[in-house]
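Engineer: Hints are included, so try docking the two chains, each in its own frame, into the full complex.
Residue numbers (the working numbering), protein chains in the order written: chain Z, 1 to 640; chain H, 1001 to 1592.
If you're looking for bench data, these hints aren't it; they were derived computationally from the structure. Among the clues, some could well be false.
[To be verified] Keeping only pairs whose Cα atoms sit at most 27 angstroms apart, straight-line, the calculated BS3-like set for lysine-lysine is: (1) H/1319 x H/1421; (2) Z/130 x H/1218; (3) H/1319 x Z/35; (4) H/1235 x Z/32.
[Stated by the list, open to error] What the simulated footprint calls covered on chain Z by chain H, stretch by stretch (three residues with Cβ under 8 angstroms from a Cβ of chain H suffice, anywhere in the stretch; the number is not a length): (5) 59 to 72; (6) 475 to 485.
Model, not experiment: these values are computed from the prediction. Ideal Cβ placement from N, Cα and C applies to all residues, glycine included.
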Amino acid sequence: MNRGPRRSGIDSLKAMKSQKSILLRVLKLILKSYKWHFLIVIACIVGATMCTLQGTLFTQTLIDDFILPMLNGTISPESGFADLSRSLVRLSIILAIGVLCTFSYNRIMIYVSQGSLLRIRKQIFSTMEKLPISYFDTHAHGDIMSIYTNDVDTLRQLIGQSIPTLVDSLVTLIMTFVSMVILSWQMTILSIILISFTLLASAKLSGRAGKYFGQQQGNLGRLNGYIEEMIEGQKVVKVFCHEKESIQQFQSLNEELRTSATRANSFTNVIGPVNNNLGHLSYVVCAVVGATLAIHHMASMTLGSLITFLTLNRNFSRPITQVSQQMNSIVMAMAGAQRIFALMDEVPETDDGYVELVNATVDSDGTIRESAQRTGIWAWKHPHHDHTLSFRRLEGGVTLNGVDFGYVPDTIVLHDITLYATPGQKIAFVGGTGAGKTTITNLINRFYDIQDGKIRFDDININKIKKSDLRRSLGMVLQDTHLFSGTVMENIRYGRLDATDAECQKAAVLANADGFIRRLPEGYQTVLTGDGANLSQGQRQLIAIARAAVADPPCLILDEATSSIDTRTESLVQNGMDALMEGRTTFVIAHRLSTVRNANCIMVLEKGRIIERGTHSELLQMKGKYYQLFTGMAPENQEA
Amino acid sequence: MIKILFSHIGKYRKASILTPVFMIGEVMMETLIPYVMANLIDMGIRQENMQRIILDGLLMLLLACLSLLFGILGGKFGAEASCGFAANLRNAMYDNIQSFSFSNIDRFSTAGLITRMTTDVTNVQNAFQMILRIAVRAPLTLILSMIMCFVTNRELSLIFLIAVFLLSVCLALIVRFAMKRFEQVFQKYDNLNASVQENVSAIRVVKAFVREDYETDKFNKAAGNIYRMFVRAEKVVSLNAPVMMTVIYLCIVMLSWFGAQFIIHPLNPDMPLTTGALTSMFSYVMSVLMSLMMLSMIFVMLTMSIASGRRICEVLNEKPDLTSPVDPLKQVASGQIDFNHVHFAYQKGTGEDTLNDIDLHIRSGEVIGIIGGTGSGKSSLVNLISRLYDVTSGSVCVGGEDVRRYDLEVLRNEVSVVLQKNILFSGTILDNLRWGKSDATEEECREACLLACADEFINQFPDGYQTRIEQGGNNVSGGQKQRLCIARALLKHPKILILDDSTSAVDTATDAQIRKAFARSIPGTTKLIIAQRISSVQHSDRIIVLDEGRVTAFAPHDELLKTSQIYREIYETQTQGGGDFDNPSQIGGDAV
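This is chain H alone, in the form it adopts within the complex (with noise of 0.2 angstroms):
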């Protein structure tokens, strides 16, 4: 995992490497001046030596300047290191999800892919971080103090020995711990705002049934359970500052009583302890202890990093399963459509086939109307077409040629999908008309507009085609959107056109202009309408009725009623006491 996430390092790594360097030179410098300080003490105003004082105060402001250098440097790099390598993680998950097929897209869910764009990017750059700068400053901090402190006195330091093991130990405990216990406390305070989410989607209904008492005791209960296990959890962290605070308070009582024995009575006579050393050793105990404490944070941090690592991988290691082919046809001949024994499903080699021996052939200009219950295929079997998915056996077939021989754009470009669950994007109308052709004109995307019906309503609004769209669409009305979709796609002057239940928001006398427009203005594009009103589908060439992935009957809507059950039942919900009140379809005699 950590070799797949450093390969996105880049062009940051002259910073990332610049970063621990600087820190070096850091604390190096920040070690020598308690040195230098307590010389200066020492030798200088304990002698009341003017000179030394001015002296050592100068080369402790030539090391503080450094310092400051180094220091300066070290964040600008790690700053420069950390994001630029945030930035780079991102883009390369970007890249890939935009090379996703339908299928890799199924398996995440928007709101995981925008978290790990996001938080967890965020964590892994705050990690990254920490490790070019904290964890090289913290384990060298240890040792060049421990270091220092075995120059300056041997035996003293042996204290330092028992303290870091002490502190260790102990650190190392409550890491655990609470580690431990904050997982428990975090899984819950996920349930706990999925409750929430689940309130704020359904807040009619807890207005309906008058819940918002039952709900808030509800969510009082579970805040009260957070807000307990959160308590258990922050007490063990909080026994942290305390630990720390006693040992290095140990470690000055016994420094103070040894230090001043080993002065009195020194154990070697030619190498006395001074006074001076003895406040350098003062200062050494703090820089070893924080350096400690430094390193428990940063394995708490890195361990809760490393989930969102993994969760990064998961994006980059996606393959798309699906790839233009080497040698790709660039030309769609006609839209001549054929299915050969096709069988799919969703998730290869296991449970059911989605759809079942699928054996179809759709002439050029041909207007196919497509009916069937939920799940019985529809959306499946166009979405084949356009390739989207690839088949699980059999072929599909566009103008004669497997649709795995084109090249997928220029495939993508003739077979012209709308989508069930269809989408428009912020910006202006004119712009979302031209993701379907990017250098329409005016001229062009008003044409299409009024084949879709739309021109009509983007006229009454104040700015016409430069409305603004809001994200989502949603300062428009259902049926719009759909107009405005069916617009985008006619765009691309496809040789196949697909309606995947486009019109189910647009009122019947309207759907059925859209269908007189396209039988006039593009009779030769292939139309493939999925539809729930049998009156979207009946004027149809021929209807394919599907059930549970089957084909069981294509024909024209008369032969149906006769020779398809299915049809006919449907028919019939649809047109006595069961069917859409907007179905326009010639019942209306025999209704009244």
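Just chain Z, same shape as in the assembly (with noise of 0.2 angstroms):
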């Protein structure tokens, strides 16, 4: 659970240009739809800056063009006033276009931000959907989750505030330095070098205040990581007494979290108050200098410029201070894009399969045509390299031929696993955890793709087939049933889409829910939530029979539960299964005793090969390993 930027000092320059492509990157992402905005928002913050630079300045004018002309008695009064009113009206209506500025590009920023994390969430949905079982299967749920919502909330920080922030401190910074080097460009020279102690300053500042700030969260990392596994084991710390224990392992990371948080918070709480009074002394001594030149009237220097010197030289020092409170989210928001952006690169399930699944009808004579209409008979489309098309009929046969499989190429896990299952039949397979029972059924449906050897459906390489249809032709019921946020209708017609209310109700009634989905307070319309928490796990399992059944598959992968549900809606779901499996082909992951009886062909696995293959009588009579699972007799140290 060690989430967030940990790098030691080595490393933090390659750390650096990563940062730095993966700004470009996020760049890149907002200026591709939002080009235009963007260039609008720059312009209108130029605008906003030139004019608050105006109103800045306007002091200087105010007091050099009128006040000291009117006190000295060069201007009358009466002209004098009328002139100011003429140039603050003016002034009024740059200060209104700086302000509608300020107010357009703080609205056109609510678009390019919003909307870009919409694409953003977007993308990373889409992305996500596609990836093969294997990201969900080797990536956390919990950091899966997290970049949803810290690392998408990061973003947002960023897109709102930071690169605004950025662009107009830039666009501040450039705007005072030229008009520094217009009014002198001796002293914007001594005002640079005394503004580059500001900057170094800053970047060490900010540079200490990143580094702690990494430690900091790579801290919390820790400790968010271990509450997560005492709380979650915070029962079994009760049953052993070992409160003590753990508390004292707490502490310890929480001080570490303390001792870097402050760091990280003092480096950053001090870099204001230095660069600010770090700008008074560039004020004193530019003043000190500039006075000396004026008085002496070297580097064309007047008082009047000076005094407007100063002012641009108290604002230069603004934008620095400004950008280096902005690193803190700056740095953050680098580790969630780059968290982002690793999904994102993700490499999605691949499918090369051009075989398809369509509506047929079938002529008295045999031959096979596609059909518009839903026809309730299916068939396969099969292009080949001559641009003719042959259709099969979905007929559900499945055979595996030699198939060789591991979830790291190095491991196989499956050997020579070779098995035929002609339409309608009942494969069940039957061995002890890890004999790689579940693995030969999320090879079916290509979950997982086999290093060796053949798969084919209905005489068709599954590689050939999309796996898109593929997959609609298989139904599948897990043992961990997950249901989804909606009604129980809903929920079923997850199974086909365009399935009627009547449908599915009627494969409620085969699935045998139909009894107690009516005894629900609304009925088919109860609305479940949190993954059918109101709902009993057998409950949820014959919702997922019923959702299997209005998908009214071929073929089916079954995964009994183990007999953890109460002998009633055991039967229920039993019945509801055995219901389901009529007339499919079907390959289930046997625990009960009714199903291996009535098998076809029951698969003795044991360490990823088929030991024994047969019916249930037959396999008795051979008194090996089924003989033993089956009564238990088992041979002294013999793992199943």
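Structural biologist: What follows is the structure, encoded as structure tokens:
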């Protein structure tokens, strides 16, 4: 659960470079769809900054051009005030434009930032949906979730606040710099030298702050992980009276977090005062040097321009402070963006299949034609190299031929699996945990791809079949039932989106689910939340069976639940399952006696190999592993 | 709530007091500096008075140094105080959680507790730092700047009053509307995340039904909705900057006009307004309005953190409802267990009792099987023995004494439970085993593992007993995990051992082997075995049959087959077509 940027000093340079490329990528992502918006925003920021600058500079104009001449009597108060009122009107217009610019860019930025976030959210979700099962099997679900919650939030901060601040600061810096150069390049050089101290100090401080901030995130991640683990296991902690040890360990992790957090915050807090007062220092030095120059009429310095220059000089350090204060959120956002991009860059499930499943009609002479309507008859449409098409009726026959498979290339967990299931047959898999039962079913619907051998569906290599069509022809009822937020009806309809209410209900009747659904407070319209938390496990299973039934696939993969449900619901589930299996090719990970007894063929698996196969009675007569499993007369020290 | 939270400041009290003090110093310096600056320009530069320039310059540097010193110290102490406070809060919460009983734990979700200890504490920490620093700084700047304005020129200051009033009203309105809209968004936002969560955990279903596009559409719609709501809320917030600027600019224009008027036609000829004073008025205008802006921000942040504070207090205020008695018994005499007319309900006073009038007497060293459907109260029954919950009425006695008279630690060490939902912790296998006995030698651990049939697979790991277990024990199979958990419980050498459905993932042969090993090696220990499979309990001395919180039968297997209808039903479903295939019971014969 350790997340966040935790890099040692050695590869911090590399990290900086990768951070830059991440920032660029974020910008590219925004610009892709908001190029014009962004340009307008920049234009508005430039406008707003220019107008603000006018406001700042007006003080000097007011004093030098109006008040002092009027006081000295160079111009009469009447004409002076008339001129002043005109200038003020002009200034008001400029300032109003400034306000308008500010308003516009703030408004547009909402659309840019929220729109970009929307795009990012959509993109990560659609990418995620396309990822192979192996991604979900190898990544903690909490980590995936955190991308949607924490990481997208850090980007919101970055796009909505940090980037406008950066642009604003950059524009202010450039404009101020240009004005300063126009006033006096000599003084500008002096000012730049002084400012570079501020820059140096800011860079140092925010660098340190960033480092401790990274440490803080790391420590927070570790603490988070510890809390998660301990609270998840809190009951075990209680049972073993392990509270003292657990508090001790927590306190040491907490202390580490406190130390790094204090350091990170100290440095961040100090940046403001340091920059500010270095600015004051620069002000004083510039005032003394500038005054000396002006009094001795050197470097074309006048008193008026000196005062203006000093004002500009004061404005110079503000953007630097602003940028350094944004550093923390930038660092955080970069780490978040990195994880977001990592997800976006995951390779989606590949699908080179070209054989499609189509609705079909069968003529009296047995030829199959594609049909636009739903006919209840399905066929595989198989295009060939010579651009001809051939059709084969969907029947649900599955063969595996010499299949080898490993989740990681080097460790093969299934060896040379060969089996035949003609349409309508029931194949049962039995064997101990880790024997490879679930793995085989994961291969048939291509949740995982095989390393060697062939799997054929209706005599077509499953690699040639479009994954979506393959999976549509395979129903699945898993041991862990997952339901979605929504009504019971919607959950059943999940199996086939165009199923009518009547069809869904028929499926529920078939699955033995109708009875209990009717007794729910709102019947089929009862809203399920939190994975169907308001239902018992058995009831959830019944809905899952109905869901598979409404899809009406020719072939089924069933993972029977071990009997952890109460006996009454269990018999309902059993009967539901049996009804569902009727007339379909079924692969079942069997736990129940009735299932194995009725199976056309039982595969006994051990350590990834089929060691025995046959019907129930054949296998019993063999007196091999199956007999042992069945009778429980296992020799000592035998692992099933 | 605030009182409870602040009572955890503890040793960071000094830093918490020093921070505002230094902040006050910094603010004072910052208010004085523009004044000196104005002097430097007025008296120095305009009068071409080099000496004055240098003197004022030095004075300004001195003030700047002081301001820097105060600023650094304030920043440092502020960080120390707020981070220390946060650490104390986390410690206090964790300590309290450790004292929670099972029923306390049931009330909070894991995710909820984690959020409280991380996100919520961070919110409170930031709010606290803000109170110490900004909440001192902003009003003080406001007041001092106002005072300086009035000192400089009373009439011009009236402009400020109008501006401050105007801005306050606008900001208050913005904050109010924005908060309302944001609250709505965040609720929807939570829903969106909940649906993502659903998708992640049910990805197999999504893929099996080829519903990727359907789900993506659903998500896009919801995300689009969130987008519109966010835009609506942020539109309100985006008014902040323009409103602020408008007020500032209005002030600048008005100050320019009236300032010029007052200088040329002084109202009070003895005290004319100087140009320098006018310049410093311009800087005070900024300070006043900026601090107002900051105040509105603080307000928003504080209201947001109030919810966090409340959630933290919920954990801190939760009283553990099980504690050791004042003068506890430190010895458990035997493994005898008695339930005397026990009633038990998870929520006292409401609803039905989970356990109803349980009256059982188990002799020391007996092997007892417990069987019954889900929700029949099997786990509840055994959880009362090690006092993980307290009875509602009646009493549970261990070794002839009421469990409520024992020291909790002593009781739980003598009554070792292998929980149904069991968990291994990250660390080596040995580390995990030593939870049972912290000073156990490797030899002892191995013995326990031999009994639990865990030694055989541990030895197959390349690192043996030093193999690292990942968080949640995800790198060992379910059956291996269960066996390790049994070994861990055995290391306590308890007088009573309770297995709560602890061998469900272990194959039947091994299950039988473990039971045989128990009978051989720890015959004196009272053993209670909850199981779904008849085969796991049928060899027990006696079997308890539970149904809806009542004991319906309590007898050996053969007798139950004759007398208990429920037992016979379970037996029949499990053996005649309905049961576990993995079931090794002696049904082989008649099944063929």
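Engineer: Which hints, by number, does the structure contradict?
Structural biologist: 3
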